[in-house]
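Novice: Listed here are the chains, written in short residue letters.
Protein chains: 2
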Amino acid sequence: MVICTGSLALDTTRTPFKTVERVLGGSASYFAYSASFFTRVGVVSAVGNDFPKEHWKLLEKKGVNLSGVQVLDGKTFFFDSSFSYDLHKRTANATELNVFADFIPRVPVGMQNEEIVYLGTLSPVNQDALLDQLPRRRMVFMDTIEYYIQNNERELREVIKKVDGLILNDVEARMLSGEHNLVKAGRKLQATGPKIVVIKKGEHGCLLFEGTSVYPFPAFPLEDVVDPTGAGDSFAGGFVGFLAKKNDFSPKTLRQAIAYGIVMGAFAVSDYALDGLKKIKKADISRRVHEYKKLIEF
Amino acid sequence: MVICTGSLALDTTRTPFKTVERVLGGSASYFAYSASFFTRVGVVSAVGNDFPKEHWKLLEKKGVNLSGVQVLDGKTFFFDSSFSYDLHKRTANATELNVFADFIPRVPVGMQNEEIVYLGTLSPVNQDALLDQLPRRRMVFMDTIEYYIQNNERELREVIKKVDGLILNDVEARMLSGEHNLVKAGRKLQATGPKIVVIKKGEHGCLLFEGTSVYPFPAFPLEDVVDPTGAGDSFAGGFVGFLAKKNDFSPKTLRQAIAYGIVMGAFAVSDYALDGLKKIKKADISRRVHEYKKLIEF
Chain D
1 MVICTGSLAL DTTRTPFKTV ERVLGGSASY FAYSASFFTR VGVVSAVGND FPKEHWKLLE
61 KKGVNLSGVQ VLDGKTFFFD SSFSYDLHKR TANATELNVF ADFIPRVPVG MQNEEIVYLG
121 TLSPVNQDAL LDQLPRRRMV FMDTIEYYIQ NNERELREVI KKVDGLILND VEARMLSGEH
181 NLVKAGRKLQ ATGPKIVVIK KGEHGCLLFE GTSVYPFPAF PLEDVVDPTG AGDSFAGGFV
241 GFLAKKNDFS PKTLRQAIAY GIVMGAFAVS DYALDGLKKI KKADISRRVH EYKKLIEF
Chain Y
299 MVICTGSLAL DTTRTPFKTV ERVLGGSASY FAYSASFFTR VGVVSAVGND FPKEHWKLLE
359 KKGVNLSGVQ VLDGKTFFFD SSFSYDLHKR TANATELNVF ADFIPRVPVG MQNEEIVYLG
419 TLSPVNQDAL LDQLPRRRMV FMDTIEYYIQ NNERELREVI KKVDGLILND VEARMLSGEH
479 NLVKAGRKLQ ATGPKIVVIK KGEHGCLLFE GTSVYPFPAF PLEDVVDPTG AGDSFAGGFV
539 GFLAKKNDFS PKTLRQAIAY GIVMGAFAVS DYALDGLKKI KKADISRRVH EYKKLIEF
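Line by line, the protein sequences are chains D and Y.
Numbering-wise (my numbering), the first sequence opens with residue 1 and increments by one.
Numbering-wise (my numbering), the second sequence opens with residue 299 and increments by one.
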């Protein structure tokens, strides 16, 4: 099982083509849904008592263990954002932390011996609090966002020291490393703790750092990107989910896992919210990975 | 033999780390030098009578046929530019067309039956004039720049109609197609004539369009980019040079050719001006292509 923390949210997402309101979102939702195609996932998070039953059921139907999700008095985390016409620029209209304001993650007894962990976007203090409750952790991956680099850098760097894999985007990698060149940035981040670093570049794919090697991967070419929300967490779900399924973290398996991550990210952005992932089956994933492999073969 | 047109120039390039003055530059120089590792190249261009003998010799030593280069009264094309600290932004300080102001390309008798052509950056009128003199042309590739899209769009589109392969960067592809999404942009450009389109994305690699397929390729990961000048033409030299050597334009060979293009571009940017290409041997190229292949294999 992969234990993940991160947000369960209600998202209102406005693109120039359509607005979807108060749909299931959040880093833990995308990660868990995506990873559930490969492995069992346990979520440690919180929702308010307004959290719709249908969202709960959706995740449970995918075998996601929600016993670590606290239902707290108050409202679920709410995020309202708008995308620019080219879907490259996102503007936050409202961020209501609600139940996350005082959230402390609690790992249920049945999950305390788990070994593979994904720290989705949450405050570094909460990410750290999760780790403390997982004494047998063996492989920990984490993501973060600009906000925590700007506001909680010291705490964030403490968490980064403790993880095995850091997954972040190009802007975040440059901010955290102080290097513009992404190859230098990735190597500098490796030197701060994580032996594995993945720098995501959106439509330009990603770079995987392992040991002294840097593996570049293009994105899956897509003519229609509908909603970029959740691309990163769906990527992480494919990547970490595949690794957990193989229970192997060799360079070769890491590269395969990247391909699964890329494909899951591509499915996620092909429709609004979780709809891109909801309409696929396992066979679609293998087919798409095979297609991707053929495209970059020469 | 590949017949290429484009500029032979004297370049002054200022990076935050070093300035090189009046060194050999221009699209035809980079293309010819790069392609000469794979095939014979004939250049159709012009220089002034100030063009240093050593540049002439440098290209001839690589087997480049310069009988199509007119030595005209006046000065060689001169380009002075500065790069920003991160080497991503280039500012032109001076562009002196000099002998190119009234240049008309003339294909020497010995080259008039050649079949493979590269139209490097020049005015579309000149690119077209070259084609008229190559009645047996079978595969024509071309590049262009923003300047001609803005100032000679009509003439440019006429040339594009006649070519088999269009090689351009992401900004140019978006301008010419009116599409932000590069997959859509490439397909739209294919519909205007060229059955092959290559969209270069600098440090993010490129997209190859052939038939209904879109093949994405990452760049070769480089920790140190020294001088981005000539990256695109060196890429084109590797790509077209390899295709000419194989005399095959199937999807599989096109993909291999892209890898050679990517590697030649990476060598070019690893040092100032042509120095990155001057210090390599054929074996370095095969080694690097093999390394690239291994990096993206999964």
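Be aware that one or more of the hints could be misleading.
To be verified - Derived DSS-like pairs (lysine-lysine); straight-line CA-CA distance at most 27 angstroms: (1) D:Lys-18 with D:Lys-53; (2) Y:Lys-591 with D:Lys-201; (3) D:Lys-161 with D:Lys-184; (4) D:Lys-184 with Y:Lys-544; (5) D:Lys-188 with Y:Lys-544; (6) D:Lys-294 with Y:Lys-460; (7) Y:Lys-550 with D:Lys-252; (8) Y:Lys-486 with D:Lys-201; (9) D:Lys-184 with Y:Lys-499; (10) D:Lys-294 with Y:Lys-493; (11) D:Lys-201 with Y:Lys-499; (12) Y:Lys-387 with D:Lys-293; (13) D:Lys-252 with D:Lys-293; (14) D:Lys-294 with Y:Lys-486; (15) Y:Lys-592 with D:Lys-201; (16) D:Lys-282 with D:Lys-61; (17) D:Lys-245 with D:Lys-278; (18) Y:Lys-482 with Y:Lys-493; (19) Y:Lys-482 with D:Lys-279; (20) D:Lys-252 with D:Lys-281; (21) D:Lys-294 with Y:Lys-591; (22) Y:Lys-592 with D:Lys-195; (23) Y:Lys-493 with D:Lys-293; (24) Y:Lys-387 with D:Lys-89; (25) D:Lys-18 with Y:Lys-544; (26) D:Lys-245 with D:Lys-279; (27) Y:Lys-387 with D:Lys-184; (28) D:Lys-184 with Y:Lys-359; (29) Y:Lys-482 with D:Lys-293; (30) Y:Lys-486 with Y:Lys-359; (31) Y:Lys-460 with Y:Lys-592; (32) D:Lys-281 with D:Lys-201; (33) D:Lys-294 with Y:Lys-550; (34) Y:Lys-499 with Y:Lys-592; (35) Y:Lys-544 with D:Lys-89; (36) Y:Lys-592 with D:Lys-252; (37) Y:Lys-592 with Y:Lys-576; (38) Y:Lys-493 with D:Lys-278.
None of these hints come from the bench; they were simulated from the model.
Novice: Evaluate each hint against the coordinates.
Specialist: Hints and how they fare:
1. D:Lys-18 with D:Lys-53: holds, 25 angstroms
2. Y:Lys-591 with D:Lys-201: holds, 21 angstroms
3. D:Lys-161 with D:Lys-184: This hinted pair holds, its Cα atoms lying about 18 angstroms apart.
4. D:Lys-184 with Y:Lys-544: Answer violated: Lys-184 (chain D) to Lys-544 (chain Y) is near 36 angstroms, above 27 angstroms.
5. D:Lys-188 with Y:Lys-544: violated, 41 angstroms
6. D:Lys-294 with Y:Lys-460: With a Cα-Cα distance of about 30 angstroms, the restraint between Lys-294 (chain D) and Lys-460 (chain Y) is violated, given a limit of 27 angstroms.
7. Y:Lys-550 with D:Lys-252: holds, 24 angstroms
8. Y:Lys-486 with D:Lys-201: Holds: Lys-486 (chain Y) and Lys-201 (chain D) sit about 24 angstroms apart, inside 27 angstroms.
9. D:Lys-184 with Y:Lys-499: holds, 19 angstroms
10. D:Lys-294 with Y:Lys-493: This hinted pair holds, its Cα atoms lying about 20 angstroms apart.
11. D:Lys-201 with Y:Lys-499: Between Lys-201 (chain D) and Lys-499 (chain Y) the Cα gap is close to 12 angstroms, so the pair holds against 27 angstroms.
12. Y:Lys-387 with D:Lys-293: At roughly 33 angstroms apart (the allowed maximum being 27 angstroms), Lys-293 (chain D) and Lys-387 (chain Y) break the hint.
13. D:Lys-252 with D:Lys-293: Satisfied, since the Cα-Cα distance of roughly 14 angstroms is no more than 27 angstroms.
14. D:Lys-294 with Y:Lys-486: Since the Cα atoms of Lys-294 (chain D) and Lys-486 (chain Y) sit roughly 23 angstroms apart, the hinted pair holds (cutoff 27 angstroms).
15. Y:Lys-592 with D:Lys-201: Cα-Cα ~21 angstroms, so holds.
16. D:Lys-282 with D:Lys-61: Satisfied, since the Cα-Cα distance of roughly 15 angstroms is no more than 27 angstroms.
17. D:Lys-245 with D:Lys-278: holds, 20 angstroms
18. Y:Lys-482 with Y:Lys-493: holds, 14 angstroms
19. Y:Lys-482 with D:Lys-279: Holds - the C-alpha atoms of Lys-279 (chain D) and Lys-482 (chain Y) are around 24 angstroms apart, at most 27 angstroms.
20. D:Lys-252 with D:Lys-281: holds, 25 angstroms
21. D:Lys-294 with Y:Lys-591: holds, 13 angstroms
22. Y:Lys-592 with D:Lys-195: holds, 20 angstroms
23. Y:Lys-493 with D:Lys-293: holds, 23 angstroms
24. Y:Lys-387 with D:Lys-89: holds, 21 angstroms
25. D:Lys-18 with Y:Lys-544: violated, 49 angstroms
26. D:Lys-245 with D:Lys-279: holds, 22 angstroms
27. Y:Lys-387 with D:Lys-184: Holds: Lys-387 (chain Y) and Lys-184 (chain D) sit about 19 angstroms apart, inside 27 angstroms.
28. D:Lys-184 with Y:Lys-359: Judged against 27 angstroms, a Cα distance of about 36 angstroms means the pair is violated.
29. Y:Lys-482 with D:Lys-293: Judged against 27 angstroms, a Cα distance of about 21 angstroms means the pair holds.
30. Y:Lys-486 with Y:Lys-359: Violated - the C-alpha atoms of Lys-359 (chain Y) and Lys-486 (chain Y) are around 41 angstroms apart, more than 27 angstroms.
31. Y:Lys-460 with Y:Lys-592: violated, 37 angstroms
32. D:Lys-281 with D:Lys-201: holds, 26 angstroms
33. D:Lys-294 with Y:Lys-550: At roughly 10 angstroms apart (the allowed maximum being 27 angstroms), Lys-550 (chain Y) and Lys-294 (chain D) satisfy the hint.
34. Y:Lys-499 with Y:Lys-592: OK: Lys-499 (chain Y) and Lys-592 (chain Y) at ~21 angstroms, within 27 angstroms.
35. Y:Lys-544 with D:Lys-89: violated, 43 angstroms
36. Y:Lys-592 with D:Lys-252: holds, 10 angstroms
37. Y:Lys-592 with Y:Lys-576: OK: Lys-592 (chain Y) and Lys-576 (chain Y) at ~25 angstroms, within 27 angstroms.
38. Y:Lys-493 with D:Lys-278: Distance of about 36 angstroms is beyond 27 angstroms: violated.
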